[in-house]
Each structure stands twice: as C-alpha cells, then as structure tokens.
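Numbered per mature numbering (1 follows the signal peptide of the UniProt record, and there is no 0), the sequence shown spans residues -21 to -1, 1 to 335.
Just so you know, these hints were derived from the structure itself, not from any lab.
Incorrect hints may appear among the rest.
Stated by the list, open to error - Below, in silico cross-link-like pairs of lysine-lysine (PhoX-like), each with a Cα-Cα straight-line distance of 20 Å or less:
#: 1; residue 1: 271; residue 2: 218
#: 2; residue 1: 180; residue 2: 218
#: 3; residue 1: 226; residue 2: 170
#: 4; residue 1: 225; residue 2: 170
#: 5; residue 1: 226; residue 2: 156
#: 6; residue 1: 156; residue 2: 180
#: 7; residue 1: 334; residue 2: 156
If you're wondering where the values come from, they're calculated on a predicted model, not measured in any experiment.
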Amino acid sequence: MTPSIPLSLVGLLLLLSLVSSDTIDPSLEDLTNRNADFATRLYRAVSSRTDDNVFLSTFTLSTALAALLSATSGPTQDQLLLGLSLTGLDPETLPDLFQNLTTILQGNPALNLKQGVGIFPPQSFQVSSSYLDLLQTRFGGIAQSLAYTVPQEAIDTINRWAQDRTGDKDERFYVDKYHVVMVPMMFRADKYFLAYDRSVKVGVLKLPMTDGAAMLVLLPDEEVDVTAVEEEVTAEKIKAWIRQLKKTRLEVQLPRFLLEQSYSLRDILQTLDITKMFQDDAEIINMGGVPKLTQVYHKSVVSVDETSDDTTGGGVNVFSSLPPRLTVNRPFIFIIYHETTGSVLSMGRVIDPTKK
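Whole structure, please, built from the sequences with the hints as guidance.
Written as structure tokens, this is what we have:
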C-alpha cells in the first residue's frame, strides 16, 4: 500500500505597534513578489467558498509548499513551481532563498512571527536523512511519524502540534443590511497613511503593527460588497495601493478581533492547478521512498488589539481642530505585510468581528 503524508501548517500572531524599513536584496524582492501573487490567488480561492471570516498565513503556506517542492521532480515539480508562482527560479536555490527571507522576518523579535512546517508520514515510512536535514535547516520544519490506523487520533495529534505553535466603547458593526452586532472598538487620533481607489471603490488604510510589519485595511464603500473588492485584489494592486498612500490626520475606529482559522487545502490548491502532487504517480522522490500526499492542513491565528503603547488616556486632543473620522463598521479585508521586504505575511476578511 502506498504510504500517505499529510502536511500540516500553522500561521502567525501579530499585535499592533510601530514599524521600520531597510533595503532588500533583489532576489528576495523577486521572491516576495512571487509569494504575493500566490497569496492573492489563494485568498480569492478560499474566500469565494465561504461567507464567514477568513484568515490565511500565506507566507507560511508558501514556505511549507516550497519545502514539499524540494522533495519533488519532473512534471510534479514543474506544476508546483507554476502553482506557487515560482516558475523560472532554480528549485535548488529555493531553500536558501526562503531561509534568507525567513531569517529577515524572524530576525526582529518584536515582529513575533510564529510559524511551523510539519510533515507527518505514517510509521511505516522512513523520511530520508538528507530531506530531513533540508526540512529542518532551511525551512525550520519537522517530520513526525503517526499511526494512521485511527485517523481521528492522527488528526488530533496534528492539531495539537499546530496549537503549540500559534499560540473601549462598543459600537455597531453592520455584518450586512439585516444583521448588526455590537463590538468593542479601538480608537485613536493620529496621522495615518490613507488612499482611495475609485476604480474599485475601496478605501485603503495603513495601520502600524509590531516593529517591521504593517496592516492594510481595505474598506469598501457602503454600497459595495466586500466580495466585489476581493475579486480585484492582486499582488500588483497591493503594491499600487502602498505607493498611493498619503499621510493625513485621522480619527480611526477599528473593531478588536481575534481570528483562529483552520483549513484542509487539498481541494483549494487543486483549483489553483496544483493537482499532480496529490496523484498516485506524483514524483515525490527526494523524501525517501515514493509517498502519496493526502492532505495539506493550515491553521492560523491573528489577534488585533491595542498594545500598551497604543492605549491613550485623558482624552487629550493633539490637533488644533477635530480631524475627520474613519469608522470601520462593516465587512473589510486586511493584508499584513513586512515593510522592509514587502512580503505579504497573511490575508484575511472580517465579516463579523464577534466570531473567530
């Protein structure tokens, strides 16, 4: 019987604070652009299948699938390169590129990037020492054998592993025209970067996050459905919105939210034409033996709240006149990215901030 290898992935946790920026090597800039293209395509594929909140740690997924790519060859590898927007790059150099990019992202402890890559083969399958070394040293991953004779126990083990690595005034939030919830809102008057895309009818607000990262909040016009904006989100759009941002004084109200999402991504990845690695004849030959990939799991967590530095008291108005107010009180999209590298770390959608 052909052995099975589920692949489990986890996401990241980021909290609001300040940002910084430096230069980036051209090869890493190219990789971040390619990862952003995969991120937006994956996000659209996932969000189109649900009406609920969405959160994906897209950088973690790119890293995990790149780790799997190192075990493939032939048409399976070619298709995975295409699906991950990595066609044209030398597969032999990808482990070092991802390691270098991850080192930059994790080099600043304040960024608090928590991610994990895990491969869980059956106990009858022996992962080759060369691939295990590559997985551990280049991708920070682990391989752990499981007994799949009791499937639910295996799934519970994977979930526990993933869990170990993720670790004001209420206002109305209009989930839709018929459903209103009361949610705690964060409030701050400051100078923010803001843009507006008339073609998409969406406002773009940049919020500072933990040192090195930032969040783009995409707030559609009141008459525009959030799904219409999602169809327009591409890697190029994200870069264009960032370029168009201009500093302005603003009062911002944003709901606090905590999202914890889990996905089985086999079907989703196949809509992105990543199919061959799930087939019986997939060329996954560099892991030891000829395993069959059965599933790709992804778990991600994000908490958005004030930090102690962001919390202000006393109601002091630092402006000579009251600035305009932006209240995020309807469904919105958010994109978390690393400012120095431009890496899209995660993407999500908040339909109802009272739900995880």
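Taking the hints in turn, this is what the structure says about them:
1. 271 / 218: Violated: residue 271 and residue 218 sit about 38 Å apart, past 20 Å.
2. 180 / 218: Cα-Cα ~17 Å, so holds.
3. 226 / 170: Answer holds: residue 226 to residue 170 is near 6 Å, not above 20 Å.
4. 225 / 170: 10 Å, holds
5. 226 / 156: Outside the cut-off at roughly 32 Å; violated.
6. 156 / 180: 19 Å, holds
7. 334 / 156: 18 Å, holds
Violated hints, listed in ascending order, are 1 and 5; each of the other numbered hints is respected by the structure.
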